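Novice: Working from the sequences, and respecting the hints, build out all of it.
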Amino acid sequence: MRNKDEQPDNSFDPARVKALGAVVGIAAFAVTAILPAPEGLSPAGWITLGMALLMAAWWSTEVLPIPATALLPVVILPLFEVQPIKAVTGSYGHPIVFLFMGGFLLGIAMQRCNLHQRIALLILGWAGTQPRFQIAGFMLATAFLSMWVSNTATSIMMLPIALSVLSYYSGDDLAHRHYRVVLLLGVAYAASIGGMATLIGTPPNALLAAYLKDHAGIEIGFAQWMLVGLPVSAVMLLACWWWLCRGPLPVATAQVDAGLGDAIEGQGPMSSAEKRVLVVFALTALAWIVRPLLEELVPGLSDTGIAIAAGVVLFMLPSGDGSTRLLDWPAAAALPWGVLLLFGGGLALAGAIALSGLAEWIAGGLSSVSGASILLVTLLIVTVIIFLTEISSNTATTAAFLPLLGALAMAQDISPLLCAAPAALAASCAFMMPVATPPNAVIYASGHVQIGDMIKHGLVINLIAIALVTLAARLLLPVVF
46 MRNKDEQPDN SFDPARVKAL GAVVGIAAFA VTAILPAPEG LSPAGWITLG
96 MALLMAAWWS TEVLPIPATA LLPVVILPLF EVQPIKAVTG SYGHPIVFLF
146 MGGFLLGIAM QRCNLHQRIA LLILGWAGTQ PRFQIAGFML ATAFLSMWVS
196 NTATSIMMLP IALSVLSYYS GDDLAHRHYR VVLLLGVAYA ASIGGMATLI
246 GTPPNALLAA YLKDHAGIEI GFAQWMLVGL PVSAVMLLAC WWWLCRGPLP
296 VATAQVDAGL GDAIEGQGPM SSAEKRVLVV FALTALAWIV RPLLEELVPG
346 LSDTGIAIAA GVVLFMLPSG DGSTRLLDWP AAAALPWGVL LLFGGGLALA
396 GAIALSGLAE WIAGGLSSVS GASILLVTLL IVTVIIFLTE ISSNTATTAA
446 FLPLLGALAM AQDISPLLCA APAALAASCA FMMPVATPPN AVIYASGHVQ
496 IGDMIKHGLV INLIAIALVT LAARLLLPVV F
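All letters in the sequence shown, in the order written, are residues 46 to 526 by the numbering used here.
These are calculated hints, taken from the structure and not from any lab test. Don't take every hint at face value.
[To be verified] Subject to a maximum C-alpha distance of 20 Å in a straight line, what follows is the list of computed EDC-like cross-link-like pairs (lysine to aspartate or glutamate):
id : residue 1 : residue 2
1  : K320      : D366
2  : K63       : E126
3  : K320      : E310
4  : K258      : D458
5  : K258      : E340
6  : K258      : E405
7  : K131      : D259
8  : K320      : E405
[Claimed, not checked] Ranges between beta-carbon positions, derived for each pair:
id : residue 1 : residue 2 : range
9  : D218      : V120      : 56 to 64 Å
10 : K320      : V429      : 43 to 51 Å
11 : R370      : Q175      : 38 to 46 Å
12 : V120      : R291      : 45 to 53 Å
13 : F526      : W287      : 41 to 49 Å
14 : V76       : L328      : 48 to 56 Å
15 : L167      : K501      : 26 to 34 Å
16 : A113      : P314      : 42 to 50 Å
17 : D366      : R61       : 52 to 60 Å
18 : V120      : R61       : 23 to 31 Å
19 : L219      : V324      : 43 to 51 Å
Small disclaimer: the values here were computed from a predicted structure and weren't measured. Glycine included, each C-beta is placed from N, C-alpha and C at the ideal position.
Specialist: In structure tokens, the structure reads:
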């Protein structure tokens, strides 16, 4: 018998959720594979719908590793004669995949020589030791690094620096407790917010660029995206800092000042490897920004070509110690290949939805919303994406929703950009749950932040993000594009 003090085990069972996701996904696909297509939809579109439902169910419940599910189009689309194998696999070699690969190589080189840590400590030294400005310094350093390095790597790198600063605040009163929580949450949130600023900062941005280029003929350049992403990221970062710093904070001490100074001085002078990686990084960023001005002189120049050229240069340049280069293959093999496969799977799915006629069929079904306010539609899109991303991968969510939003844009008779871009931005704005983003999980795993803390602060910041992204979509996007 159960002891009277014991409570029934109502804990979340991941295995049961995965089993349910597996059954639902297979059942949805089986329906489209067995039953005839509905009127107005081609057999290819019917199979594509089943595959989309299967992938959405498996992505959201992680029946298989997310990158493994992204490989399903390679099997299903040729098997059911929706698309030939060559066309499907071409999505996995899309230019945007190589753009992200080049960005990853730059990030790995920065981490290998610890340039990212030096940049972070320099920004923290500039911010000073007053808790309010220290939080700002941590968030600014994290956001800047996350523009170029994955948000996961950025949060993992910033966590020990944050914990070392917190070690100088040993009090247990409300002010010290609040400071520990908001400093660590600031790191997690800034890692996600910073990625919004650039095309390579977070996968949803790159997926958006690829989808719009392939299916709407809209090309988004690196600098052009920054005209939207950077202001949104900056305002979001400021709003997040303001909210986190509203509570009581401890008073800075000389010990904190000395500890931070020791950490900065302990870096020593810049090594040859750091200087060379910094030069490659700066030239790459500059080339991305000025590329639109060079199109007439060098018409074949692309953001992807610049990124891969930077990666190749890193393999060529010696590190300066006489024995190694800035990047070698064992280091580069740590690339997040799963993310690149996920890109390919999302683009293959989007391509099949467009080419099979499924997008037009969905657009016809959405004709009932054709009279709705664009502002209301944008608000609904942003809200759904933000809260859905709290429990699912932001990249997988974006990959699944972009084709549907393209169909919604057709029904509204507006540019797909106005529906898809807010969704991509919103996918980086999940702040409530540890499972929502890798930075949230990293900070939660430190043991200094409880789920209640994350929900309490994250819910408010989610609401701020909903308002900000919706306004940016209506006011900023039409000006830039």
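Novice: Evaluate each hint against the coordinates.
Specialist: Results of checking the hints against the structure:
A hinted pair counts as satisfied when its Cα atoms are at most 20 Å apart, and K320 with D366 qualifies at roughly 13 Å. Pair hint K63 plus E126 does not hold up; C-alpha atoms about 29 Å apart against a cutoff of 20 Å. Between K320 and E310, the direct Cα distance comes to roughly 17 Å. Compliance with the 20 Å bound is thereby established for this hinted pair. As the CA atoms of K258 and D458 are separated by approximately 18 Å, the hinted pair is consistent with the 20 Å bound.
Distance hint between K258 and E340 is fulfilled; the C-alpha atoms sit about 17 Å from each other, no more than 20 Å. Taking the CA atoms of K258 and E405, the gap is near 18 Å; set against the 20 Å cutoff, the hint holds. Between K131 and D259 the alpha-carbon distance is near 16 Å, which keeps this suggested pair within the 20 Å criterion. For the hint pairing K320 with E405, the CA-to-CA distance comes to about 52 Å; that exceeds 20 Å, so the pair is violated.
Between D218 and V120 the beta carbon distance is about 59 Å. The supplied range of 56 to 64 Å therefore holds. The hinted range of 43 to 51 Å is satisfied by K320 and V429, whose Cβ atoms lie roughly 46 Å apart. Against the hinted window of 38 to 46 Å, the Cβ-Cβ separation of R370 and Q175 comes to about 42 Å, which satisfies the hint. For V120 paired with R291, a C-beta distance near 52 Å keeps the hint of 45 to 53 Å intact.
The hint said 41 to 49 Å for the Cβ distance between F526 and W287, and at roughly 29 Å that hint is violated. Between V76 and L328 the beta carbon distance is about 53 Å. The supplied range of 48 to 56 Å therefore holds. For L167 and K501, the Cβ-Cβ distance of about 32 Å falls inside the hinted range of 26 to 34 Å, so the restraint holds. Between A113 and P314 the beta carbon distance is about 46 Å. The supplied range of 42 to 50 Å therefore holds.
Separation of D366 from R61 is about 53 Å and conforms to the stated range, judged on CB atoms against 52 to 60 Å. Between V120 and R61 the Cβ separation comes to about 27 Å, which falls inside the hinted range of 23 to 31 Å. The hint said 43 to 51 Å for the Cβ distance between L219 and V324, and at roughly 47 Å that hint holds.
Violated hints, listed in ascending order, are 2, 8, 13; each of the other numbered hints is respected by the structure.
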